[in-house]
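Chemist: As a plain string of letters, each chain reads:
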Amino acid sequence: MSTPAMARRGFLKGALGIGALAAAGACAPGGGTSAAPSKLAKPTTTSSASAKGEITIWNRSGDLFKVFDAAIGKFREAYPGVKVNHQAVDIDAKLANTLISGTDVPDGSFWDDAKIGGQSEHLYDLTDLISPYRDKIAPYKLSVNTVGGKIYGVPWDLDPGLLWYREDILQDAGVDPAGISTYDDLLTAARTIKEKDPKTRPIHLDKNPFLGQLWLEMLANQQGTSLADAQGKLRLESAEYRRTLGWIQDAVKGELVTHAPYLEAADINTLDSGQQVFVPWAIWWSFAPQQLLKATKGKWRAAPLPAWTPGGARSGAMGGSSFIIPAKAKNPELAWLLYEFLCFTEPGYTAVYGPNSIYPGGLSTSVPSFSPALRPDKPLFKPIDALGGQDLWKVAVEAAATIPAAAPLPVWWAQSVDYLGDNTQRLIEGKMSPDDVIAESAKKIQRNLIDRS
Amino acid sequence: MAGLTATTARRAAIGSRRLPRLSPYLFIAPFFVVFAAFGVYPLMYALRLSFTRWRGAGEATWVGVGNYVYLLTNPDFWASLGNSAVMWLLIVPIQVVAGLGAAVLLANARLRLRGLFRVAFIAPFVTPLVAMAQVWIVVFDEDYGLVNHVLGLVGLPAVGWLTSTAWAKPTLALLFLWKTTGFAIIILLAGLQAVPGAVYEAASIDGASRWRQFWSLTVPLVRRSIAFLVVVQTLAVFQMFAEPYVVTEGGPYGSTTTAGLYLYEHISASDLGTGAANSFLLVLLVFGLSLGAVRLLRPKEEVS
Chain H
1 MSTPAMARRG
11 FLKGALGIGA
21 LAAAGACAPG
31 GGTSAAPSKL
41 AKPTTTSSAS
51 AKGEITIWNR
61 SGDLFKVFDA
71 AIGKFREAYP
81 GVKVNHQAVD
91 IDAKLANTLI
101 SGTDVPDGSF
111 WDDAKIGGQS
121 EHLYDLTDLI
131 SPYRDKIAPY
141 KLSVNTVGGK
151 IYGVPWDLDP
161 GLLWYREDIL
171 QDAGVDPAGI
181 STYDDLLTAA
191 RTIKEKDPKT
201 RPIHLDKNPF
211 LGQLWLEMLA
221 NQQGTSLADA
231 QGKLRLESAE
241 YRRTLGWIQD
251 AVKGELVTHA
261 PYLEAADINT
271 LDSGQQVFVP
281 WAIWWSFAPQ
291 QLLKATKGKW
301 RAAPLPAWTP
311 GGARSGAMGG
321 SSFIIPAKAK
331 NPELAWLLYE
341 FLCFTEPGYT
351 AVYGPNSIYP
361 GGLSTSVPSF
371 SPALRPDKPL
381 FKPIDALGGQ
391 DLWKVAVEAA
401 ATIPAAAPLP
411 VWWAQSVDYL
421 GDNTQRLIEG
431 KMSPDDVIAE
441 SAKKIQRNLI
451 DRS
Chain X
1 MAGLTATTAR
11 RAAIGSRRLP
21 RLSPYLFIAP
31 FFVVFAAFGV
41 YPLMYALRLS
51 FTRWRGAGEA
61 TWVGVGNYVY
71 LLTNPDFWAS
81 LGNSAVMWLL
91 IVPIQVVAGL
101 GAAVLLANAR
111 LRLRGLFRVA
121 FIAPFVTPLV
131 AMAQVWIVVF
141 DEDYGLVNHV
151 LGLVGLPAVG
161 WLTSTAWAKP
171 TLALLFLWKT
181 TGFAIIILLA
191 GLQAVPGAVY
201 EAASIDGASR
211 WRQFWSLTVP
221 LVRRSIAFLV
231 VVQTLAVFQM
241 FAEPYVVTEG
251 GPYGSTTTAG
261 LYLYEHISAS
271 DLGTGAANSF
281 LLVLLVFGLS
291 LGAVRLLRPK
301 EEVS
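So the protein sequences, as listed, match chains H and X.
Read in order, the letters of the first sequence correspond to residues 1 to 453 in our numbering.
Read in order, the letters of the second sequence correspond to residues 1 to 304 in our numbering.
It is possible that some hints are incorrect.
FRET-style restraints, in silico, Cβ to Cβ [to be verified]: (1) PRO30(X) with GLU440(H): 40 to 46 Å; (2) ASP63(H) with LEU221(X): 55 to 61 Å; (3) GLN275(H) with ALA79(X): 50 to 56 Å; (4) ILE28(X) with TRP284(H): 53 to 59 Å; (5) LEU285(X) with GLY148(H): 37 to 43 Å; (6) ALA123(X) with SER238(H): 51 to 57 Å; (7) PHE210(H) with GLY152(X): 47 to 53 Å; (8) ARG447(H) with PHE35(X): 56 to 62 Å; (9) ASP197(H) with PRO75(X): 54 to 60 Å; (10) ALA79(X) with GLY148(H): 33 to 39 Å; (11) SER238(H) with LEU156(X): 42 to 48 Å; (12) LEU285(X) with LYS233(H): 34 to 40 Å; (13) LEU292(H) with TRP211(X): 20 to 26 Å; (14) LEU156(X) with ASP63(H): 38 to 44 Å.
Computed far set for chain H versus chain X, every beta-carbon distance over 12 Å [claimed, not checked]: (15) LYS42; (16) THR192; (17) ALA327; (18) ILE358; (19) THR365; (20) GLY389.
If you are wondering where the hints come from, they were derived from the structure by calculation, not from laboratory data.
Model, not experiment: these values are computed from the prediction.
Even for Gly, the Cβ is constructed at its ideal location relative to N, Cα and C.
With these hints in hand, go ahead and build the complete structure from the sequences.
Modeler: What follows is the structure, given as structure tokens:
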């Protein structure tokens, strides 16, 4: 009845041997990945009626999903043969992993511009398809979707930075918002307001390191630069960043700053109490007076950002998303038809930005990046009551037109927050100088991120 | 013909002898297949990945021990281990003492409302962590939190519980203690209940006080349970991820970036080779710490 020792050992050896062979043979990272990305050609279908098939499209959950769901309904009216399986997915958590593993890949997805550059090898090269629209797309959006001269995302929204301000407080202090044309003017206006009411800390600076760095990049973009150039070379050591960080330091030293985390309790309270008067932030801040600021709803207004130098650009981009088509999509041509419809046709972008059942006044947290959609005289969303009936569309499209081009966001951008984002916070807290922020951040980003990417 | 028949019969006999020998292995084979697919293969894959630089696209570049050297010479890596070590000091000793005290109380049959206390201690352990973390964020908010409000009532200044480098770790440690001390109590209570009552009776007859019984009987007899608890909680503390991820995002200034969160940051940034190397370094560290704890807390008779 006893089992020979050799048999047991032999079995274990065999099992281990098979395991080791399998592991050695199949454990090569990246072995199954195509190094050369595919180029997507123009769909062969000649009419909308002949396009047939089913596509799976990933989108974010929440109200935006409902808005896109309705817009996809319009697409299906134009392309009745295309069935769209529209799914709400935690894209930040799932898309990159799905692209890497290559299983259950959607035919198209919404994605942050910041993520596209790092995964371009898993995406279709859309250069030829976008070519007819190229001249009509905001230069910033084209640049952040371009890697090595090829375009990997269908540029969607543009998020211009604006100067949000309390109109009533400026009036009381005798400050004309139209006169705030440079960042020095903004400091002067803040000092005037503080002299009238010493309790105010008029300018919002954000306490969240990630958002703080995104904001810093908006100010850099406004000056035509960004953290890295198109080749991935660091450009932190520059007059533009030094100027921006110096301005922050001046604002802090003048006690003109409320340092609060974006729209958390401390921020909302100081916005509603009148302590904060100026919020230089992206257009998506419009959500705050519409939904969060109960006491000051109707008192906020928007203007273009001040310029860094007289006559300079009056806005920079802060955030934004595009649509990607994975290289392993089953029906990439049909996905392109959907995104072409949404981004480059009037019924498409109007269905998203115009008045709808989710947003009766229209979607006012960004503007399209396709210039024919950006006509000041033909607004997609309506004037906003929470901004005293101001025509935010006109302000936003005029600001958006001045946004300079940029460079694709490097794959390490999010990791750089541990250095530049944290050090910017230290500057705001008076623990670092602008030179320290630049030197310390550049050293660590170069060593830990760029040299290893 | 006769010879052929005999050979066939012999082969059949050998076959029938082999079959019973093989059958146990066939029965346990499904486990090994699943273990190989979901245990060995990912482990080998990760090991090979740790020697490469790969961001999830294109061919991986072989860098030898480059990722390990990078991590071992990177102050951020050591800072993450330091953060976890401080968290360990703030959590495990307190949890062992508090857990043992609570277990002794709950083991007392004369304790009134014993069932209620048991439920109260266990409830946080079964509550979803993210829900508890949200409560922590609200209660310890610097400007509008309940704790600072109470401090304000007695004239004390507000504290940046989650926004200062000095207090963020203790506040997170408190969340971890609140969440997992129920588990510690279960383990220690099970250990206590395995101690025969006759031992205490004999000690009482010999005149040993309650305190003396606790130190000379209870603690030595639940030493295995304490060792198990220390090992499991050491693993948990060094792998701690959800608490800092939800409550502080590793801040302020990386002061709550634990070893587990630091590892995740590499993976979320698609720096997969470094993430894999970090995993193996962490495994080695936790293995060493666990081994040390087991040896240290081993009952004396096993040591001798």
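Chemist: Determine for every hint whether it applies to the structure shown.
Modeler: Outcome of the hint check:
For PRO30(X) and GLU440(H), the hinted distance range of 40 to 46 Å is not satisfied, since their beta carbons lie about 55 Å from each other. Evaluation of the 55 to 61 Å hint for ASP63(H) and LEU221(X) yields a pass: the beta carbon distance comes to about 60 Å. The given range of 50 to 56 Å is broken by GLN275(H) and ALA79(X), whose C-beta atoms sit roughly 35 Å from each other. The given range of 53 to 59 Å is respected by ILE28(X) and TRP284(H), whose C-beta atoms sit roughly 58 Å from each other.
The supplied range of 37 to 43 Å is met by LEU285(X) and GLY148(H), whose beta-carbon atoms lie about 40 Å from each other. Between ALA123(X) and SER238(H), the C-beta spacing of about 55 Å keeps the proposed range 51 to 57 Å intact. For the pair PHE210(H) and GLY152(X), the supplied restraint of 47 to 53 Å is violated, since their beta-carbon distance comes to about 30 Å. With their beta carbons about 40 Å apart, ARG447(H) and PHE35(X) fall outside the hinted range of 56 to 62 Å.
Checking the proposed 54 to 60 Å range against ASP197(H) and PRO75(X) shows it is violated: the Cβ atoms sit about 45 Å from each other. Range check, ALA79(X) to GLY148(H): Cβ separation about 36 Å, and the 33 to 39 Å hint holds. Between SER238(H) and LEU156(X) the C-beta distance comes to about 46 Å, which sits within the given range of 42 to 48 Å. In this structure the hint that LEU285(X) and LYS233(H) lie 34 to 40 Å apart at CB holds, the actual value being about 36 Å.
For the hinted restraint 20 to 26 Å between LEU292(H) and TRP211(X), the CB-CB distance of approximately 58 Å leaves it violated. Range check, LEU156(X) to ASP63(H): about 42 Å between beta-carbon atoms, so the 38 to 44 Å window is met. Non-interface call for LYS42(H) relative to chain X: holds, since the shortest CB-CB distance, roughly 25 Å, exceeds 12 Å. Residue placement check: THR192(H) keeps its beta carbon more than 12 Å from all beta carbons of chain X (closest about 27 Å).
For ALA327(H), the condition that its CB be more than 12 Å from all CB atoms of chain X is violated, with the nearest at approximately 10 Å. Distance check for ILE358(H) against chain X: the nearest CB is about 26 Å away, which clears 12 Å, and the non-interface claim stands. No Cβ of chain X approaches the Cβ of THR365(H) within 12 Å, the least distance being about 23 Å, so the stated non-interface status holds. In this structure GLY389(H) is separated from chain X by more than 12 Å, as the shortest Cβ-Cβ distance comes to about 32 Å.
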